[in-house]
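Undergrad: Here are the chains, one letter per residue:
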Amino acid sequence: MPKDNSIKTILILGSGPIVIGQACEFDYSGVQACKALRAEGYRVVLVNSNPATIMTDPSLADATYIEPLTVESLTGIIEQERPDAILPTVGGQTGLNLGVALAEAGVLEKYGIELLGARPASIRIAEDRSRFKEAMIAADIPVPPSQFVHSLTEAKAAIGEIGYPALIRASFTLGGTGGGIANNEAEFEAIVAHGLRESPVTEVLIERSLLGWKEYELEVMQDNVGNFVVVCSIENVDPMGVHTGDSITVAPAQTLTDREYQHLRDLAKKVMQVVGVSTGGSNVQFAVNATSGEVLVIEMNPRVSRSSALASKATGFPIAKIASLLAVGYRLDEIANDITRETPASFEPSIDYCVVKIPRWNFEKFAGADATLGPQMKSVGEVMAIGRTFPEALNKAVRGLDIGLVGFSRMLGAGEEIPTLEVATAERLAHVAAVLARGDEPDEVARETGYDRWFVHQLADILAVEAEIEAAGFPVPEPLMWTAKRMGIADEVIGQLVGQEEMAIRAYRKELGVVANYYRVDTCAAEFVAHTPYLYGTYERDCEAEPTDRRKVMILGGGPNRIGQGIEFDYCCVQACWALRDMGFETIMVNCNPETVSTDYDTADRLYFEPLTLEDVLNIVDKEKPEGVIVQFGGQTPINLTAGLAAAGVPIWGTPPISIDLAEDRGQFGVLLQDLGIDHPAWGLANSLEEAVAIVAEIGYPVLVRPSFVLGGRAMAIAYDETDLRQFIAEATQVSPGNPVLIDQFVENAYEVDIDALSDGESVVIAGVMQHIEEAGIHSGDSACVLPPYRVSYFHLSIMRDYTERIGKALGVKGLMNIQFALRDDVVYVIEVNPRASRTVPFVSKATGLPVARVAAQLQAGATLAELGVERTPPVDGFFVKEVVFPFNKLPGADTRLGPEMRSTGEVMGHASRFGHAFAKAQIAAGMPLPTSGAVLMTVNDFDKSTAIRLGQQLHRLGFKLYGTAGTAAALEKAGVPVMIVPKVGENDEYNTVRLIESGVVDLIINTPLGQRAQSDQGLMRTAAIQYKVPLISTLSAAQAAVNGIKLLQEKTLRARSLQAHYG
Amino acid sequence: MPTYPMAVLALEDGSVWLGRSFGAEGSVQGEIVFNTSLSGYQEILTDPSYHGQLVTMTMPHIGNYGVTPEDDESDRVWATALLVRQVSPVVSNWRARQSLPDYLRERGVIALTDVDTRALVRHIRDNGAMRAAIVTGSTDGEAAVALAKSGRDMNGLDLAREVSCEAPYEWTEGFDWWRPEDGGATAAVDNPYRVVAYDFGIKRNILRLLASRGCHITVVPATTAAEEVLAMEPEGIFLSNGPGDPAAATYAIEATRQFLGKKPVFGICLGHQILGLALGGETYKLKFGHRGGNQPVQLQDSGHVHISSHNHGFALDPTSLPQGVAVSHVNLNDQCCEGLDAPGYEAFSVQYHPESAPGPHDSDALFDKFVDLMAARR
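One line per chain: the protein sequences are S and H, in this order.
Start counting the first sequence at 0; every next residue gets the next number (numbering that gives the first Met the number 0).
Start counting the second sequence at 0; every next residue gets the next number (numbering that gives the first Met the number 0).
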């Protein structure tokens, strides 16, 4: 069937900010959809609130809207753009739910818009658990016994029949939010209550717990005539009970006979029919009882998903691209397989390697969070590795996690106590390594963990080979070296076993000829010739890398997403690939994150899906011999490899490695700033508490305490007194043992400003200046910011410009640099310099229209700013506000106080000609819309009281009822603003600020704490605010912005403008 | 993790491949081929169509789920040898009764692990399926190459005779796929369809699928004369899969000619080729054949695509087919003829394996079609 020519314009829905359960896999799917549909000649309109995405690059759509993903916002865009169709299936659950909401609101009907790839009826069956269950039972498809309830009373009645342990899931939530496993009445009531609150329809499902059953997923596709293919089978190493996003998974399935596998395939096909999927990719999840073989269907998603991104990368079959083509009417057999070119997409990939995915968690950033794994997804990223065998892939995945572990066997810190293996935690694999190493029986380990015994024996095999290596000593016999490398055991691990340095093992094995080769991911197990250089390393006899003799450059990606290093860096890497390709270079991408656009075989000329470690990168360099390696786009991960690569003689492009070192080294950098006469907070390095106390005696409280040599503000904290200092020093020493603790003067009550700048080594151009909206002391990644900085004086700006130029030149920056400043009174302090792309690069690019990462890549390839015509800071029309989103609702129990440790997962952007509107939009996009009526709770510190009075007056005039704590209320009353007094927490247990929030009468909280006691009160209020979804504003500048926004919202509705129209 | 003894695989083109022997010891000759199925090694090993072939699995981990008697497709292992990247002596599956190494050793089957199967598969893909030999306990490539060269050439080789049953037998056991809850019950049928199935190397799942559709099957040896079969008064004739060059099975082609127009005929794989030859077509040898469970076959009447299980080294030349015989199925990977329909004779066949085992179940309606032809005559 040819494509649908009645459609001209297609609107694609993105998935919004990165949150746990919905991450950059939807940027990957959205980019594929944009590219595929535009190549077919459709006009593409894209809507996504997330500026960090690659899909919102204005080159990828005809009209790009970085606007809130709400029915109201979309209706305005639809009115303007008049699309003929909407594709909701590549934007995650957000996209799908929005598609249904637009249908239900009558918008689709009103504008005559077709929903592509999904019918509202099918979405409802798939997403609504009760309808899904009914449909499955009616079609004779086995599902777990369960019951839906809408109240605690109903729940208590249902549990009698279902029994403990029971699984509770909330309807219509992301990533299993609001779910849990209850083993007794107390747990049951707590989880059900939480789930009912989380569910937008106040509904939870209570079902038989399948804890310990094996879990499988099939990624399937279907076209409009019913042709059906399974793209990939995935077997979870963690059994049922752990969310699949938190499970270690393996592709293809390893422990199913063909009969069992085909049974799952038949069921998946039937599920697709019953749900009524019209076309596209779906995912069907199964539970299989390991002792009886009983199979139950658990759920299905009628859209592309995190698993389908994984399946695409695992097989080379681009599910989102093909789903987009199917949605406009093509059949599977009419679409070519890009990799083989000669065969169609209507086939099932066969893979001749093993793929392992391991999630990456960030529990260390969330004190108090429950770190056990269950039905609610908690991981923030994942690593994928490809090897010929499971042990090889697993070892590669472990070292690709970038958590300082070089292999499976190295996972447990010495002397750490091993808890029960029955409870799934982020550390369970490490504990398995430990108990196997001490000699526990693999079958016993399998029984405790619920891992299939096959996997456990494979893991034990790794340890057995390592024991052999240890016994053999150095030099390790050649056959054993081959065995070890074929199991994916890193040089560094071998070195540790035989008492040699990593590089000595590398030299030794190269002498033996034990070198990595590369095989292709080809969808067909080599049955046909692969034309796409999508490669993975392995120690086999052939090599399919076939390097060319073109001028080539290698770009190192960022590895698994984590808080602080995510999609923003992938945006930069992809921009670099495009820029360098356009300059005529062959581009070589190295990365191991399956969710990303950079690991699409379509992005760079050549893709090496490999861990970002010195060993793995050097192996590729040996094979490809690139002219240059670019390290400044992948975040901190490639920066950390720079010294090793440079030492091995690898040509690093851009800022010289010695300058990167200098900027990373606090001591050297301090000296440089002193030499340049640039102000910076006083600081010192302490090796003990005594030294710390001595340093603080000079600097004075408050101080910022952080361990050295860690990433993303890990364990950073502000100490207000010696009690804090003692505690934080102890924590910092634990996080980075043996390394000194950094102590900085904390510039309190300051404005913070971020600058992204470009340099060609000669001149420096500032690309964007962003003013933080949150107070100083909150990590820049957690702070909302506005571009241009509307409240920074010309005086401060010119000092910052001057400093930026001087630092850039002094470091010899070639490419990107990011500087963080604190402004207090007439002093401009330089807080931090990062000689690399920063998180804000995509935001600056979208706001200014200057493709900052692209320019930076060109600079590193030798172009000058003058040649590129980038000689001054680009002007900005209107205001661009970046707001962040936090994962607190996914991590119950976590301390919600903001501080110098970054904890947000994603960001949104709002833009408008007025700051207030831009701010209001950003709040809507972040899911915390400003109220236009209702009540405001104000509790501000003494310095802020006068400004608070003005805000209070304005809010009163705007029709809001005001609540205030004693001091704030007194100030307001004195100024004649009517206000109700609310006791602080601790002043009254029955009635206080937190109780007020919980009672639901508050629509907005303005709280500017000063000092530790107030900070702690805010923590409690914030927890309640998150739970009851009330926006909390913690600076007066943000509060003023909010009030302006509210006023504008009351006066005038928000309007949307595409980036293309904006840049004009 | 046991350490297996070294072994060598040699191809007639002189290439030598090392591996370790996990099955029986000794040496064997045969045609080197590869199969891209991710699961189903036991069914593949026991499929008589692999007689005379050294089968390379592209799935790296083989043996993980062990073996179970229920999954045998015949009463012995027919593949001459098995080559894998990584065998698993550790077994994990609720139905498993034995490990793959034990199973193969018990049956005297030679098998290699630690082979760079992807390199080998690319070699076969680029140079074609060819004669090969394995010698265990040795790394002497030269001797193995000589042994490979002295093997039989698949062209013109009649192997169906070597795998067929010696005497006729009856089959009534049905199998409604695999249902753990009922263990695959056999339904008792009144007035079953009387089918005679030529055993050129028949797989049990074909018999089960026919039986579960109400057929009572008499399985006869490959060389059974047509008169003898017609005397049994069958309502339909089934021509089974099997190994070797179809053109060499002249007795079967001759017998099939005599059924045309008299009885509905359904052929699978070798049976399809024999039907095509009987109708006047010609066959040719493919460079390296189709072996796997992921092949897209397009139905020429509806345009639908079925994912199918394949195992064939020969194919029918569609241009050689006479008038009145239509190509019903085409492989979308290489446009190879995968099925034919001769409605005038009530005869049809497919080159691939609708009975799967292993493989997807997309095409099981073909068995219904055969039953419908017989039903229409009642």
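Since the hints were made in silico from the structure, they are not lab data.
One thing to keep in mind: the hints can contain errors.
Unchecked claim - Selected chain S positions facing chain H (Cβ under 8 Å, derived; list incomplete):
| # | residue |
| --- | --- |
| 1 | G292 |
| 2 | S345 |
| 3 | W453 |
| 4 | A525 |
| 5 | E690 |
| 6 | E773 |
| 7 | G898 |
To be verified - Every beta carbon over 12 Å from chain S, so not counted as near; a handful from chain H, in silico:
| # | residue |
| --- | --- |
| 8 | V66 |
| 9 | T67 |
| 10 | G136 |
| 11 | T249 |
This structure is a prediction, so every number in the text was calculated from the model and none was measured.
Ideal placement from N, C-alpha and C gives every residue a C-beta, glycine not left out.
Undergrad: Holds or violated: is there a CB of chain H closer than 8 Å to the CB of E690(S)?
TA: 51 Å, violated
Undergrad: Any Cβ of chain S at or closer than 12 Å to V66(H), or is the non-interface label fine?
TA: With a cut-off of 12 Å, V66(H) comes too close to chain S, as the shortest Cβ separation is near 9 Å.
Undergrad: Verify this label for me: T249(H) is non-interface relative to chain S, using a Cβ-Cβ cutoff of 12 Å.
TA: Answer for T249(H): holds, closest chain S Cβ roughly 32 Å.
Undergrad: Does T67(H) really sit off the interface, with its C-beta more than 12 Å from all C-beta atoms of chain S?
TA: 7 Å, violated
Undergrad: Verify the interface restraint on G898(S): the C-beta must sit less than 8 Å from at least one C-beta of chain H.
TA: Cβ of G898(S) sits 47 Å from chain H, so the hint is violated.
Undergrad: Measuring from the C-beta of E773(S) to each C-beta in chain H, is the shortest one below 8 Å?
TA: 51 Å, violated
Undergrad: Take a quick look at G136(H) and tell me if its Cβ sits farther than 12 Å from every Cβ on chain S, holds or violated.
TA: 17 Å, holds
Undergrad: Could you check if S345(S) really has its C-beta closer than 8 Å to a C-beta on chain H?
TA: With a closest approach of 4 Å, the S345(S) hint holds.
Undergrad: Are W453(S) and chain H close enough, Cβ to Cβ, to be under 8 Å, as the hint says?
TA: 4 Å, holds
Undergrad: Minimum Cβ distance from G292(S) to chain H below 8 Å?
TA: 4 Å, holds
Undergrad: Hint A525(S) vs chain H: min CB-CB distance below 8 Å?
TA: At 4 Å from the nearest chain H Cβ, A525(S) passes the 8 Å test, so the hint holds.
The earlier numbered hints that this structure contradicts are 5, 6, 7, 8, 9.
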